[in-house]
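Generate the whole structure from the sequences, applying the supplied hints.
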Amino acid sequence: MQQKILILGTGGTIAGMADDAAHPGKYRAAQLSVGALAAAIPGIEKAAGGSLDAQQVAQIDSKDMDEVVWLALLQACDKALHDDTVAGIVITHGTDTLEETAWFLHCCLGQLPKPVVLTCAMRPANALMPDGPQNLRDAVAAAAARTATGEPLLTEVVAVTGGGELHSARWVQKVHPHRLMAFSSGEQGAMGWV
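For the sequence shown, our numbering assigns the number 1 to the initial residue and increments by one for each residue that follows.
No lab work stands behind these hints: they were computed from the structure. You can take every hint at face value.
Derived DSSO-like pairs: lysine-lysine, alpha-carbon spacing no greater than 27 angstroms straight-line:
| # | residue 1 | residue 2 |
| --- | --- | --- |
| 1 | K79 | K4 |
| 2 | K26 | K174 |
| 3 | K63 | K79 |
| 4 | K174 | K63 |
| 5 | K46 | K79 |
| 6 | K4 | K46 |
| 7 | K26 | K63 |
Computed Cβ-Cβ distance ranges for the label pairs, DEER-style:
| # | residue 1 | residue 2 | range |
| --- | --- | --- | --- |
| 8 | G25 | Q56 | 19 to 29 angstroms |
| 9 | W193 | T149 | 17 to 27 angstroms |
| 10 | Q56 | A21 | 16 to 26 angstroms |
| 11 | P113 | K26 | 39 to 49 angstroms |
| 12 | G110 | G186 | 17 to 27 angstroms |
| 13 | E187 | P42 | 33 to 43 angstroms |
| 14 | K26 | V175 | 20 to 30 angstroms |
Think of the CB as a built atom: it goes at the ideal place given N, C-alpha and C, for glycine as much as any other residue.
What follows is the structure in structure tokens.
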């Protein structure tokens with residue numbers, strides 16, 4: 001049985017659209033579906049090592065994240081973690097509350113049998129040079145990564161940020177409001193790179 005990577009969408013800048021692509025600082029978050037985001041990335045199936053499935057859990061600006069969405073996301077992750085057809089989970093998310101969501105999932109899901117990888121973007125999807133497509137592709141590749149014995153490489157909730165850095169949910173924090181490398185794990189440093 002071939003397994004798939006499940007992408008859960010919550011909205012955020014990664015799904016945002018600017019009125020003018022040349023001025024991406026003025027945009028509306030959560031305008032595109034997670035399915036549309038994934039479909040626009042060449043080679044994402046190859047990064048997944050197979051098929052993809054996309055499900056929209058929420059469609060919000062992450063500053064509006066609340067307990068209702070967190071619980072829906074937790075339930076979707078729990079269901080996917082018990083689904084033998086799912087090899088890993090990727091969550092698209094806004095940057096404002098990404099570290100809070102990562103920490104919540106880390107605390108509630110515990111030791112994971114499959115990777116759960118959060119990803120985001122600092123620029124909207126239609127910016128002249130968007131960062132979301134590469135971040136989403138990197139997150140899918142990280143969720144699909146296996147050891148030499150075929151076990152998942154990642155076994156804890158992580159956040160994937162610009163430049164292919166992987167950060168543990170235990171340490172990641174947003175440290176800049178505009179830079180593409182907006183996240184850091186302080187002295188712990190990144191746990192890996194894609």
